[in-house]
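Q: Spelled out, the chains give:
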Amino acid sequence: MRVMVHLGEPYWRVAGQHQTWVALPPNATVASALRILETRYPTLAAEFHNGEAKPALFVNNEVACPESALCEGATLHVVWPASGG
Amino acid sequence: MPNTAFIDLTSGRVDISPTPEHLVRAFLGGRGMNMRYLRHYLLAAGDPQAVDPFGPENPLIFGAGLLTGTIAPNAARFNVSAKSPESLGLGDANCGGFFAAAMRQAGFDRLIIVGKAERPSYLFLKENTLTLCQADGLWGTTSPQAQELLRDAHGAGTVSAVIGPAGENRVRMASVMTGLKNTAGRGGMGAVMGSKNLKGIAARGGRPLGVADKAALSATRKEQMKYLQGSRVVQVLGQLGTPFLYEVSNRLGAIRTRNSQDNFFADTLAASEIEKYSDKMLACTSCVVHCRHRNSLGGEGPEYSTIGLLGANIGLAPTEQVIALNNLVNDLGLDASSTGTILAWAMELYQRGLITDDFTEGPLNWGDYERVYELITDIAYRRGFGNVLAESTQAKGFFPPEAADCLIAIKDLPQSDPHDVRYIKSFALGLAVASRGADHLRNRPTLDILKLPDDVRMKIFGVETSADPTAYEGKAGMVAWHDDIYAVADCLGLCKFVTHGFNSPHLLGYEHFADLIRAAVGLPFTKRELREVGRRVIDLERQINLEFGRTRADDTLPKRYFDDPLPGRATKGHHIDREKFQAMLDDYYTAREWNADGHLPQARLTELNRLTLTPRAVDDYLRRSIDRGKLLAGAEERQAEK
Numbered sequence: 000m001r002v003m004v005h006l007g008e009p010y011w012r013v014a015g016q017h018q019t020w021v022a023l024p025p026n027a028t029v030a031s032a033l034r035i036l037e038t039r040y041p042t043l044a045a046e047f048h049n050g051e052a053k054p055a056l057f058v059n060n061e062v063a064c065p066e067s068a069l070c071e072g073a074t075l076h077v078v079w080p081a082s083g084g
Numbered sequence: 000m001p002n003t004a005f006i007d008l009t010s011g012r013v014d015i016s017p018t019p020e021h022l023v024r025a026f027l028g029g030r031g032m033n034m035r036y037l038r039h040y041l042l043a044a045g046d047p048q049a050v051d052p053f054g055p056e057n058p059l060i061f062g063a064g065l066l067t068g069t070i071a072p073n074a075a076r077f078n079v080s081a082k083s084p085e086s087l088g089l090g091d092a093n094c095g096g097f098f099a100a101a102m103r104q105a106g107f108d109r110l111i112i113v114g115k116a117e118r119p120s121y122l123f124l125k126e127n128t129l130t131l132c133q134a135d136g137l138w139g140t141t142s143p144q145a146q147e148l149l150r151d152a153h154g155a156g157t158v159s160a161v162i163g164p165a166g167e168n169r170v171r172m173a174s175v176m177t178g179l180k181n182t183a184g185r186g187g188m189g190a191v192m193g194s195k196n197l198k199g200i201a202a203r204g205g206r207p208l209g210v211a212d213k214a215a216l217s218a219t220r221k222e223q224m225k226y227l228q229g230s231r232v233v234q235v236l237g238q239l240g241t242p243f244l245y246e247v248s249n250r251l252g253a254i255r256t257r258n259s260q261d262n263f264f265a266d267t268l269a270a271s272e273i274e275k276y277s278d279k280m281l282a283c284t285s286c287v288v289h290c291r292h293r294n295s296l297g298g299e300g301p302e303y304s305t306i307g308l309l310g311a312n313i314g315l316a317p318t319e320q321v322i323a324l325n326n327l328v329n330d331l332g333l334d335a336s337s338t339g340t341i342l343a344w345a346m347e348l349y350q351r352g353l354i355t356d357d358f359t360e361g362p363l364n365w366g367d368y369e370r371v372y373e374l375i376t377d378i379a380y381r382r383g384f385g386n387v388l389a390e391s392t393q394a395k396g397f398f399p400p401e402a403a404d405c406l407i408a409i410k411d412l413p414q415s416d417p418h419d420v421r422y423i424k425s426f427a428l429g430l431a432v433a434s435r436g437a438d439h440l441r442n443r444p445t446l447d448i449l450k451l452p453d454d455v456r457m458k459i460f461g462v463e464t465s466a467d468p469t470a471y472e473g474k475a476g477m478v479a480w481h482d483d484i485y486a487v488a489d490c491l492g493l494c495k496f497v498t499h500g501f502n503s504p505h506l507l508g509y510e511h512f513a514d515l516i517r518a519a520v521g522l523p524f525t526k527r528e529l530r531e532v533g534r535r536v537i538d539l540e541r542q543i544n545l546e547f548g549r550t551r552a553d554d555t556l557p558k559r560y561f562d563d564p565l566p567g568r569a570t571k572g573h574h575i576d577r578e579k580f581q582a583m584l585d586d587y588y589t590a591r592e593w594n595a596d597g598h599l600p601q602a603r604l605t606e607l608n609r610l611t612l613t614p615r616a617v618d619d620y621l622r623r624s625i626d627r628g629k630l631l632a633g634a635e636e637r638q639a640e641k
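Quick mapping for you: the protein sequence lines, in order, are chains X and G.
Residue 26 in numbering that gives the first Met the number 0 sits at position 27 of the first sequence; the count goes up by one each step and never skips.
Residue 87 in numbering that gives the first Met the number 0 sits at position 88 of the second sequence; the count goes up by one each step and never skips.
Don't read these hints as lab results, they were simulated from the structure.
Treat the hints with caution; some may be incorrect.
[Unchecked claim] Only pairs whose alpha carbons sit at most 25 Å apart, straight line, appear in this in silico BS3-like list of lysine-lysine:
(1) LYS225/G x LYS526/G
(2) LYS225/G x LYS579/G
(3) LYS450/G x LYS571/G
(4) LYS53/X x LYS571/G
(5) LYS53/X x LYS225/G
(6) LYS53/X x LYS526/G
(7) LYS53/X x LYS458/G
(8) LYS458/G x LYS526/G
(9) LYS579/G x LYS450/G
(10) LYS225/G x LYS279/G
(11) LYS225/G x LYS213/G
(12) LYS526/G x LYS213/G
[What the hints assert, rightly or not] Have a look at the derived ranges for each label pair, beta carbon to beta carbon:
(13) CYS64/X x GLY154/G: 55 to 61 Å
(14) GLY567/G x HIS17/X: 18 to 24 Å
(15) GLN16/X x GLU126/G: 53 to 59 Å
(16) ALA582/G x PRO25/X: 42 to 48 Å
(17) HIS17/X x ASP453/G: 51 to 57 Å
(18) GLY154/G x ALA44/X: 50 to 56 Å
(19) HIS17/X x GLU592/G: 55 to 61 Å
(20) VAL13/X x ASP453/G: 42 to 48 Å
(21) VAL13/X x SER295/G: 24 to 30 Å
(22) LYS225/G x GLN16/X: 30 to 36 Å
(23) LYS225/G x HIS17/X: 30 to 36 Å
[Stated by the list, open to error] Examples of chain X residues toward chain G, derived with CB under 10 Å:
(24) ARG12
(25) TRP20
(26) PRO24
(27) GLU46
(28) GLY72
(29) HIS76
A virtual CB, placed ideally from N, CA and C, is assigned to each residue, including glycine.
Could you build all of it, start to finish, from the sequences and the hints given here?
A: Printed below as a string of structure tokens:
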């Protein structure tokens, strides 16, 4: 199945693009999609595992976590988790 | 030790004295020390509830943080405090920039201003002297113009804190400005300044601050800078500024939109769009973050709060127009948060037909840039319908009774930030109990969004907490913890962006603060003692609020947050349950060791009385000042009548 990934701040700057498709096996989870992204854009791995803030994840506009299931045509948003400024 | 100047603008009398060391140990400086003097002066004036915010007896206090102006990282900040003309309660605004460092270098850590100048005036600080100067040529100027004129008058290197037309006209949400954007914005401190005929305070620094151990302070700064620069949050803030916060709130469905009737908005306000108008990033005194944009439209900013409240909240999407409004409110000296909230309130009242064209003097539709631009200017100059909105939350009396149900304010202070708190319950509790009203910078538990592991949260907060942002249980201790550390940061003059717990668990905490204080001031503090300072400041602010007549019933949220579920995106359906909110409030009072009705235990009140109601000599001085002020004001009125 294919999932559209939208990369938010500051992740898209590391990847060089705001959005990308990832191909996944059936019953794949968000964690699988993130692993593919880390392989495709190695510097993203450092961003995702910086020890300070794990990305906030949304699948089809619902709050998600790495264990969340994906489905064909799903949209995954990966954004920095912060609030207050 | 710091110096405090007592200034009576009515008589022109100035007394300068060192701040007693026992008060420095109890309150450090900045916000805490301001609160100490605020309570002292309000009680000395009689009944705090009866004090007219625009009267000569309302003390206006400028206080630099204990570390402000030293080389400690991000030690730029000061607080401006008074009885708020906006909330009619505790008024306190925090600000960065370069002014406070210059004020300290000119010899003053704190200015306590009472009375009213006979004519437009400004204070000039230089080499331990303080001069009251006539400001006739400055009155009527915008904030940048006034600062430019003061630089012309006193030379390059003069740094000023001024009011714009909004402050002169006593607009209840008028700010004190320094630089193009740095703003002591909350609670209408600019209006208090205007009521005293005080256009500005200009400081010519130059005298390096003495520190206890220069080598130790230098080494500590170097070490802490390296630590901070390793933080990814600090790096991102330095690249994008606070606009990067818009995206996650918007994606979540938590961006206040059209007066919180909606909860997500256009992507045109995201950081990557704001960045297109940014010339470069700027910093405050001793800053290692550099979070402030200089924009290509001639101003600085916008911050996330302004993007949200003068963008999404009024239904305005074009990036350039939002930046233009940002520059406008800064030039006129208006608080962007209050202005955006009050405009959105009026727009919803118009949308619902509760006010009509004849009252608003024309259509007032969402996203109408030209109308909003004109209306903001009218607010600052108190013209037409703008004169009504200039009353901020106090404008309720001009609208039908049901209008209050649409007002996004707590304790009559409009909500500061653009984040809708119906989803993250700890954010809601924080806003409800914040001492100055609806404001996220008093205690926002930003770590709650990170869903940290149990052991990490226990290590940070020291009490059981919940990792579920939608849970009501396990939040009170988290909010109380943030109350305390943010209060200490404000007392020291440090920026939240380097303070442990503000968007990252890897910033400066109590141990770092203790190292800085020891090196800069020579006073030893343990981690426990510093947190106790934070607790004392929160308790003092609670007591001030109680003396303003606030009760547990005021620790609440806008009606909409309880009654209207969020309409879309990931937060759809979330709202605040009244019963669970009350239980969360009970937990919070327990965490703070307050009584169930929100009052302080007697032993704590006794301690605060000991620290805030002495020495007698100051009481006597104040009484004389106020009596003289009232006499002179009365004489002027009698003269005018003749």
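Q: For each hint, tell me whether it holds in the structure or not.
A: Each hint, compared with the structure:
no., hint, result
1, LYS225/G x LYS526/G, "22 Å, holds"
2, LYS225/G x LYS579/G, "43 Å, violated"
3, LYS450/G x LYS571/G, "20 Å, holds"
4, LYS53/X x LYS571/G, "23 Å, holds"
5, LYS53/X x LYS225/G, "22 Å, holds"
6, LYS53/X x LYS526/G, "28 Å, violated"
7, LYS53/X x LYS458/G, "18 Å, holds"
8, LYS458/G x LYS526/G, "14 Å, holds"
9, LYS579/G x LYS450/G, "21 Å, holds"
10, LYS225/G x LYS279/G, "23 Å, holds"
11, LYS225/G x LYS213/G, "18 Å, holds"
12, LYS526/G x LYS213/G, "22 Å, holds"
13, CYS64/X x GLY154/G: 55 to 61 Å, "59 Å, holds"
14, GLY567/G x HIS17/X: 18 to 24 Å, "22 Å, holds"
15, GLN16/X x GLU126/G: 53 to 59 Å, "57 Å, holds"
16, ALA582/G x PRO25/X: 42 to 48 Å, "44 Å, holds"
17, HIS17/X x ASP453/G: 51 to 57 Å, "35 Å, violated"
18, GLY154/G x ALA44/X: 50 to 56 Å, "53 Å, holds"
19, HIS17/X x GLU592/G: 55 to 61 Å, "49 Å, violated"
20, VAL13/X x ASP453/G: 42 to 48 Å, "30 Å, violated"
21, VAL13/X x SER295/G: 24 to 30 Å, "26 Å, holds"
22, LYS225/G x GLN16/X: 30 to 36 Å, "32 Å, holds"
23, LYS225/G x HIS17/X: 30 to 36 Å, "33 Å, holds"
24, ARG12, "8 Å, holds"
25, TRP20, "19 Å, violated"
26, PRO24, "26 Å, violated"
27, GLU46, "8 Å, holds"
28, GLY72, "18 Å, violated"
29, HIS76, "5 Å, holds"
When each numbered hint is compared with the structure, violations occur for hints 2, 6, 17, 19, 20, 25, 26, 28.
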